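Protein sequence lines, in the order shown, are assigned to chains B, Y, S and X. When we follow this note's numbering, the leftmost residue of the first sequence carries the number 41, and every step to the right adds one. When we follow this note's numbering, the leftmost residue of the second sequence carries the number 41, and every step to the right adds one. When we follow this note's numbering, the leftmost residue of the third sequence carries the number 16, and every step to the right adds one. When we follow this note's numbering, the leftmost residue of the fourth sequence carries the number 4, and every step to the right adds one.
Hints in this document: simulated from the structure, not taken from any laboratory. The model shown is predicted, which means the values in this text are computed figures rather than measured ones. Here a beta-carbon is modelled for each residue, glycine too, at the ideal position from N, C-alpha and C. Take these hints with a grain of salt, some might be off.
Said to hold, decoys possible - Keeping only pairs whose Cα atoms sit at most 20 Å apart, straight-line, the calculated EDC-like set for lysine to aspartate or glutamate is:
1. X:92 - Y:194
2. X:247 - B:194
3. X:91 - Y:198
4. X:92 - Y:198
What the hints assert, rightly or not - To list a few chain B residues with every Cβ distance to chain Y over 10 Å, as calculated:
5. 65
6. 70
7. 195
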Amino acid sequence: MNNSHRRIPAWLTDYLGMAGALGLLLLIFGLSTENFFSAATFGTIANQIPDTTIMAVGMTWVLIIAGIDLSVGSVMALSGAVLGVALARFGIPLPVAVVACLLVGLLCGLASGLIVVAWSLPSFIVTLGMMEIARGATYLVTQSRTLYVSDRLEMITDTTLLGLSAPFLLAVLIVLVAQFVLSMTVFGRHMVAVGTNETAARLSGIAVRRVRLAVFAVSGLLCGVAALINTARYQANPNNGIGMELQVIAAVVIGGTSLMGGRGSVVSTFFGVLIIKVLGTGLAQTGAQEPTKRLVTGCVIIAAVVLDYYRRRLRKTGTEAAQ
Amino acid sequence: MNNSHRRIPAWLTDYLGMAGALGLLLLIFGLSTENFFSAATFGTIANQIPDTTIMAVGMTWVLIIAGIDLSVGSVMALSGAVLGVALARFGIPLPVAVVACLLVGLLCGLASGLIVVAWSLPSFIVTLGMMEIARGATYLVTQSRTLYVSDRLEMITDTTLLGLSAPFLLAVLIVLVAQFVLSMTVFGRHMVAVGTNETAARLSGIAVRRVRLAVFAVSGLLCGVAALINTARYQANPNNGIGMELQVIAAVVIGGTSLMGGRGSVVSTFFGVLIIKVLGTGLAQTGAQEPTKRLVTGCVIIAAVVLDYYRRRLRKTGTEAAQ
Amino acid sequence: MIGSAGAILSVRRICKTFGPVRVLHDVDFDLNAGAVHALVGENGAGKTTLARIIAGTHRDDGGGMTLNGQSYRPAGRTDAQRRGVRMVMQELNLFPTLTVAENIFLEDLPRRFGVINYRLLHRRAEELMAAIGLRDLAVDEPVGNLTVGSRQMVEIAAGLSQDCRLLILDEPTASLTDRETCLLFDQIRRLRARGVAMLYISHRMQEIKQIADTVTVLRDGRIISTHAIDTLTVEEIVNRMVGREISHAPAARTAAKGRVALRVENLCAGPRVQNISFDLHKGEVLGLAGLIGAGRTETVRAIFGADRLTSGRIYLGETAKHVRIRSPRDAIAHGIALIPEDRKEQGLFLPLGVDRNIAVPNLSRLSCAGIISPAAERTLARRHIDTGAIKCAAPDQPAETLSGGNQQKVVIAKWLARDCDVLIFDEPTRGIDVGAKFEIYAMMADLAARGKALIVVSSDLRELMAICDRIAVLSDGCLAATFSRNAFSEQTINAAAFSRHTATFRTQGAAG
Amino acid sequence: TKRGSQDGKPRIALVMKSLANEFFKTMEEGARGHHAEHKDLYNLKVVGIRNEEDVAQQVDLIETIIAQGTDAIVIAPADSEALIPVCKKAMAAGIVVINIDNKLDRARLEREGIQIPFVGPDNRKGAKLAGDYLAAKLKAGDEVAIIEGVPNAFNGIQRKAGFQDAIAAAGLNLVSSQSGNWETAKAAECVSAIATEYPGLKAVLCANDSMALGAVDALKTAGRTDTVYIVGFDNIEAVQKLVKNGKVLCTVDQHGDQLAVYGIEYALDILNTKAAPADKETPVDLVTAETLK
Ligand SMILES: Nc1ncnc2c1ncn2[C@@H]1O[C@H](COP(=O)(O)OP(=O)(O)OP(=O)(O)O)[C@@H](O)[C@H]1O
Ligand SMILES: Nc1ncnc2c1ncn2[C@@H]1O[C@H](COP(=O)(O)OP(=O)(O)OP(=O)(O)O)[C@@H](O)[C@H]1O
Ligand SMILES: [Mg+2]
Ligand SMILES: [Mg+2]
């Protein structure tokens, strides 16, 4: 009883807060451009977010266990490169190529995870290394050339259901499943415990290493999934996903997930991704120049976390903030 | 007595470890290229490290207080841009322009610091925002053009003492001063305390916010100093320093400074910078291709932190590493 | 000016609320110079909160204070210290990478132009450590290398490092053994003689009788009474704290020894645990005694798989085959639980709710195919909050906002919920109030009666002697002696604990 | 500086921009192919930087090369001004410097009192070719947009200028010009937004082919493949297919594979004849569905 009285408003304020911020952005762009409020805009956004969303889901999990994954952009590029080479250079059947692509993502994630747990190293630096390695491997695999694969992957981008593209539906599905796992399963609890206090988690009988390894592996696998979508749309370009790690992290943090671990929500991450994408599309639609875009993006990132601070403070009304 | 018996070996193993790693790299490149072991090579390296070193010093401090500064590359670019515009477009006297350049760095650092302490936000995301803002401002200030200033700044690059360039000497001086402040002054101990346990630091009467603010301000100011050198060598190019933040962080972490705060050494950072630079120069000299360079750099980054793990374990002989 | 017996601090009608919860109600209170004033009360009564308000780390919501006759409302800890008020915190607040000396003098490092004078710093630290009897601790050792007990001494040393007129000690002895406690008391007496007023918070009644001049009882945020210490017996104090009569005599242990539950053979772990062997029977409570750093914690951590064994074997039950315990996970799977000594670092997930904390080791039971049943989780939490008398506003109150003692109860509850066969308690009553202590003793007796096997590590010898069937004494990492119930006394145990420099003697199996 | 290598053959250092970029990769392969055929003539060393904006790394590389000693440097500068001082330094060390791909700033060179011959195409002219080809398919007043490269990238600026020349000449209406940062995904984002905002949009001119790929995707998603023309630049392999099937109207070939070779040959020429350096323009060609047949 107590529970229901306290918990539900918390969720609501979370999502309402994010939705409010999003609404504000939409309003601003709606007023400052001519055709922002159109089916086309939303169709475009729906089409552009799946890969980022899927990677952001993995990143949310990684941040919750108090890690960070800087390699996502490179790993996505590498998976896409393998897909591209398999299809365009060797003409391997699509299903096999897809499996290879996913496998590459999974293996990269596993490798980062293994190094992190084997020597209890900070994931920041390990994935920074992996970022370089995967990028190097991408150049090797593609021989620094863009491989054209759209014609082989049309079924990915062109399948639609109720007007929504398959990638978008897949991304939404992944968000929901990941949120369910996070909040309703033993594994989800273990992630939160590991991210909150690793020592206590270990002493509570949680297989800390296995949890971390699994989370990094999932993050890698999701990069593979994102690579399918990304490659289908933008071809296997060895420079895909450069700088994407920071964009993904920004989205996740704007969604209110803590960089310190232990606190986060996948659904909020989805809002974070939407905010970033609406911002990008809206700015482009106003015809803003690069300097303006950069300035505004930076300000919105900071404003979003400042807002999050007030939201969190509202929620724990009265609890000594200084403590 | 106790002092000399216990402390010095720890320092020694630290530096010897780093020096060993560096020596190994030198050896490898010396054997695999023709002209690596030459005064010219070392002179070149000495000329190339000052800006990175100076920024890495600031980053070391930031990491010690458990922060991170992703904006260093952009802030350096912005400071350089202001310097460039002042000199090349408005023909302002050199000393005034230099002051303006330093001031811009300082102000950016202060701004990040203020936002971080005012709302106790994670510096990762605040400086990520600042990175975008400063880059946007750089494009604005320079109107996206490179400003040619070498002719006005020759005295910076061309002054030498005992065959060493002024920037190099300045960098070494900054390293030494920063190490001294870190290990021998009250402020230094306060930084370590804040980075170890913020709450406890506050309870011990340390002005936590002031310490953090000061450290971010110093990091910004050092970006300004680095900008002087960088601009003198490479002109005021609005794309200067892109991706530099990760390179700087890598150098600092390779030097053994902890990303978790509370542990670090400026002198070791210097070794870290050297390792990164020798690696870069050496790889270029062997004629390695881009993919190879990336792969090797990634592996060296990871290998360095793995080595650091063993070094630390050796040092606290007997204490359980798992803890 | 005030005389030696005048009130140095007067607290009037102080109130404090945390959100909807009222923690202090109109507290009135006087502290005299040159006197040790004990503050006692159950866990969550509001002692720490009151102390923090005086020390400036919390702001009151109403009421006022006067210090030396002048109005006093510190803006922060530094402000309070400027006015001569200092506090040794209940929780450890040290910096592991800084040295002992730096930690002690962090607030006032001897300096010139901001540069630390290390020579002077080390000399001062050595003097201070000598004064509180810690001569053997190197002042340039990073604090991270010290045991919990030594850290607490460093924390106390830091509190004593500066002159002050009012010193608050919040459970300073919670993880100290008798030897350090005595040293601390010497120091307190010295300060008292110098006219310093002291507020002494503790759950150890014997200590209070020993050192305090006056005692104030706090119950549910209200002052119940203030008395000169000689006018009340321990029982009377306890009754006032709890608000009812409690039987504090632990149920006499009937050492109904069952079959062997756990056998440890030649256990070596790290440099500090050497060749420990003992049997633990079903239905038995085995105490582990020893001085700080004797290796008690390391021994039980090794059994639990938290630290790696260098050699030795562990048998479960009476089988001839030893079990391999490589991690706490293995240990738990074999039915072993460990309640760790440092609740904040090792026991709790501070930002998570009480319910989530209790659920963590029990998730397999609360879930089906990996999916958690929120209803089952709630029920479990409710039950243990009730049976453990955990004082919290709601089951999902974050653990970090509970009082120290209640946090400890949460850690115990989370393991009781797991229903293991061998339970290891490392300092289980650290920071627990007298009433709750007896509840915990009763619970241990009950567990033993149900055939569980218990190991209890405690720095409180009287506690061990009250609840244990046998006491094993560690000295410098070796098992010095084992005493059965009829054979132990403070003298024999202390002698064994100090025996590390004399020849090691063993009385393995002396228990009847 | 040490001059001449042990075997007496002249040493040529080819300093590229990012070797992770297809265009420079092609250029490099062309150079290596040439070297393989003329091993007896010279020694070749190829270095590149991490990404196209990394001026600092390129300056550092040249300094290292000067320190190591070489006879000629053939450089595709990452910035048309910032590389001048280090080139000057190289010349002072007696090294022949040839500028390819991206032209160093003439005015600055003059002010510094040095002469560096340029061998390469005129990006502006190339872009104008493509723009003119497009303009022939449109009528005056039609809405078009430009997707630029990284702000301040010299070739990007040149290409934009070329597009603008063609747009002005044909009286087209430039409604938006934004940076796609040379990236496919970024370009797709911009093109999507522009297409939504300007329903009458008739063409998108992209400063490189990677961004053209993004434009193709964006317009496909918007269902406007048939009404909006796309123009690219660089003639990368992946775009050729699209030019053939009409999804991309045209692109521009700078003959990347020959660019470095021209530079090297010119350097050898100067080394052998000590001739006075002069600029040498290389061809740029329009690539359309017809030319690819
Ligand atoms: N920040 C906070 N937010 C909410 N409640 C709090 C907070 N801090 C303390 N409390 C509550 O205030 C009450 C009094 O706590 P306090 O720490 O003063 O108890 P105590 O008497 O020191 O107990 P113990 O003997 O266990 O240390 C407790 O019920 C606790 O849950
Ligand atoms: N003299 C010492 N020097 C360095 N580290 C020590 C020393 N004594 C103990 N330690 C470390 O402190 C931790 C706890 O030690 P130990 O288990 O021996 O303590 P204990 O007997 O449980 O005593 P207590 O818990 O009362 O402090 C271990 O990590 C141990 O390695
Ligand atoms: Mg308390
Ligand atoms: Mg212990």
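Results for each hint:
Straight-line distance between C-alpha atoms of residue 92 (chain X) and residue 194 (chain Y) comes to about 13 Å, which keeps the hinted pair within the 20 Å bound. As the CA atoms of residue 247 (chain X) and residue 194 (chain B) are separated by approximately 18 Å, the hinted pair is consistent with the 20 Å bound. As the CA atoms of residue 91 (chain X) and residue 198 (chain Y) are separated by approximately 14 Å, the hinted pair is consistent with the 20 Å bound. Between residue 92 (chain X) and residue 198 (chain Y) the alpha-carbon distance is near 12 Å, which keeps this suggested pair within the 20 Å criterion.
Listed as outside the interface, residue 65 (chain B) is consistent with that label: its C-beta sits roughly 16 Å from the nearest C-beta of chain Y, beyond the 10 Å cut-off. Every C-beta of chain Y lies more than 10 Å from that of residue 70 (chain B), the closest at about 24 Å, which supports listing it as non-interface. Non-interface status of residue 195 (chain B) relative to chain Y is upheld: no Cβ of that chain comes within 10 Å, the nearest being about 31 Å off.
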